[in-house]
Amino acid sequence: MSDFDRTAEYAAHHSEEEGVKMRKTIWAIFWVLLAVTTVEVGLGLVWKDLGLAWPLVKWTFIILTLVKAYYIVAYYMHLKHEYKNFKMIVSIPYIVLTVYFIILMLIEAIYLNEEVDHLLM
Amino acid sequence: MAGHSPSVDTKTLWGGGISPFNLSYGKIMMWFFLVSDALTFTGFLLSYGFMRHRFAEVWPVAEEVFTHFPFMHGDHPLLYVALMTFILIMSSVTMVLAVEAGQRMNKKGVVLWMALTIVGGLIFVGSQAWEWYHFIHGTELGALQLADGTIAQWMSDAKDALVLPTGVEVTGAEAAALIQSGTEVYGANLTVNEYGLPLFADFFFFITGFHGTHVFSGVVLNFIIFVNVLKGTYEKRGHYEMVEKVGLYWHFVDLVWVFVFTFFYLV
Numbered sequence: 001m002s003d004f005d006r007t008a009e010y011a012a013h014h015s016e017e018e019g020v021k022m023r024k025t026i027w028a029i030f031w032v033l034l035a036v037t038t039v040e041v042g043l044g045l046v047w048k049d050l051g052l053a054w055p056l057v058k059w060t061f062i063i064l065t066l067v068k069a070y071y072i073v074a075y076y077m078h079l080k081h082e083y084k085n086f087k088m089i090v091s092i093p094y095i096v097l098t099v100y101f102i103i104l105m106l107i108e109a110i111y112l113n114e115e116v117d118h119l120l121m
Numbered sequence: 122m123a124g125h126s127p128s129v130d131t132k133t134l135w136g137g138g139i140s141p142f143n144l145s146y147g148k149i150m151m152w153f154f155l156v157s158d159a160l161t162f163t164g165f166l167l168s169y170g171f172m173r174h175r176f177a178e179v180w181p182v183a184e185e186v187f188t189h190f191p192f193m194h195g196d197h198p199l200l201y202v203a204l205m206t207f208i209l210i211m212s213s214v215t216m217v218l219a220v221e222a223g224q225r226m227n228k229k230g231v232v233l234w235m236a237l238t239i240v241g242g243l244i245f246v247g248s249q250a251w252e253w254y255h256f257i258h259g260t261e262l263g264a265l266q267l268a269d270g271t272i273a274q275w276m277s278d279a280k281d282a283l284v285l286p287t288g289v290e291v292t293g294a295e296a297a298a299l300i301q302s303g304t305e306v307y308g309a310n311l312t313v314n315e316y317g318l319p320l321f322a323d324f325f326f327f328i329t330g331f332h333g334t335h336v337f338s339g340v341v342l343n344f345i346i347f348v349n350v351l352k353g354t355y356e357k358r359g360h361y362e363m364v365e366k367v368g369l370y371w372h373f374v375d376l377v378w379v380f381v382f383t384f385f386y387l388v
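Line order of the protein sequences matches chains A and B. Under our numbering, residues 1 to 121 are what the first sequence spells out, in order. Under our numbering, residues 122 to 388 are what the second sequence spells out, in order.
Keep in mind that a hint or two might mislead.
[Said to hold, decoys possible] Capping the alpha-carbon separation at 35 Å, the derived lysine-lysine pairs in DSBU-like fashion look like this: (1) A:87 to B:280; (2) B:352 to A:80; (3) B:229 to A:21; (4) A:58 to A:48; (5) A:87 to B:357; (6) A:87 to B:366; (7) B:280 to A:21; (8) A:87 to B:229; (9) A:21 to B:366; (10) B:228 to A:80; (11) B:366 to B:229; (12) A:80 to A:24; (13) A:48 to A:84; (14) B:366 to B:228; (15) B:352 to A:24; (16) A:87 to A:58.
To be clear, the hints were calculated from the coordinates, so they are not data collected in a lab. Only a predicted model underlies this, so the values are computations on that prediction, with no experimental measurement involved.
Next up, chain A with everything else stripped away, as it sits in the complex (with noise of 0.2 Å):
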């Protein structure tokens, strides 16, 4: 065995009375993720019938995503439950530079459409 591959001692193991709660949260948690999508696709169906401003709906529909990522990288995929470093260290560097590349693309994008002549395809 080399000397990182240590996986046995960190390997998860939990009981069948754990497994029983464990399987609710996942239920649970789907049923989430069911309903936010069933939410997303209904308005995207209604939302002009019902004279909804669009800023507001996309808003919905980002928050909602945001939402729906949280929950599988939360729960599904137990960042929730790691220690509080690997979250810090999976999570900071991609929200920090994600949310400042969104606000440099919507300057620059915004900058363009408005001042530069287009429709030049």
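Fit chain B to the known structure of chain A by using the hints.
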């Protein structure tokens, strides 16, 4: 999900060769790979977002592009992609159930749930192929590519009046002149797109294609691990951590789809 040893001696964490995160090398590396892969997909979606805001006025509406549903006629916007999303969420659930069964050393459970995950993945890849097929072939009516390269939509089956990308309607002699100088186009490829900007098609092929490749390789990885489970490799090893590692990858694929679904189809 549980199973961490609560008694970690912090004094020996690093020098003692103990993982400071109480995770195995393999799992940490899988996470780091997923972070870099996430940044790649983020880059794609950012460039998509850039072009979309750049050409905001003429960007095609996904709802009007993806309206087909198998064995059903008429317009069913979003319905098919909603089904695909549901299938992928389902396969994420079966994957996490396989992981849970593995942590109880329940081989039968792992076999069942992993098999269902693989089936879900294959259905998803098949659905994507179906959607590509329809996007490439386009509508029966097609559209008119004007002399300047922009796409105008027909106002009716008669094909004698047009709607320009700017929303202006053109009829009569003016339309006839445009039809004379333009070419009829059907469907979408990397250079022509009957639904509007070719960029829309480029990003669609590139992003959903890259995601589909991930789904496909996920199915292959799941299948390899599935065979190992059947052979009893992990039973002998005493733990099913390989199932957890491919599980992480599989959930990541689902996670990416959550974002592709929102930014390509919904907003």
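To see whether the hints hold, each was checked on the structure:
1. A:87 to B:280: Violated. Residue 87 of chain A to residue 280 of chain B sits at ~58 Å, over the 35 Å cutoff.
2. B:352 to A:80: With Cα atoms ~32 Å apart, residue 352 of chain B and residue 80 of chain A stay inside 35 Å; holds.
3. B:229 to A:21: holds, 19 Å
4. A:58 to A:48: holds, 12 Å
5. A:87 to B:357: holds, 31 Å
6. A:87 to B:366: It holds: about 17 Å lies between the C-alpha atoms, which stays within 35 Å.
7. B:280 to A:21: violated, 62 Å
8. A:87 to B:229: holds, 32 Å
9. A:21 to B:366: holds, 22 Å
10. B:228 to A:80: Distance of about 26 Å is within 35 Å: holds.
11. B:366 to B:229: holds, 19 Å
12. A:80 to A:24: Roughly 17 Å separates the two Cα atoms, so the pair holds.
13. A:48 to A:84: violated, 44 Å
14. B:366 to B:228: holds, 17 Å
15. B:352 to A:24: holds, 29 Å
16. A:87 to A:58: Holds: residue 87 of chain A and residue 58 of chain A sit about 29 Å apart, inside 35 Å.
Going down the numbered hints, you'll see the structure goes against 1, 7 and 13, while the others check out.
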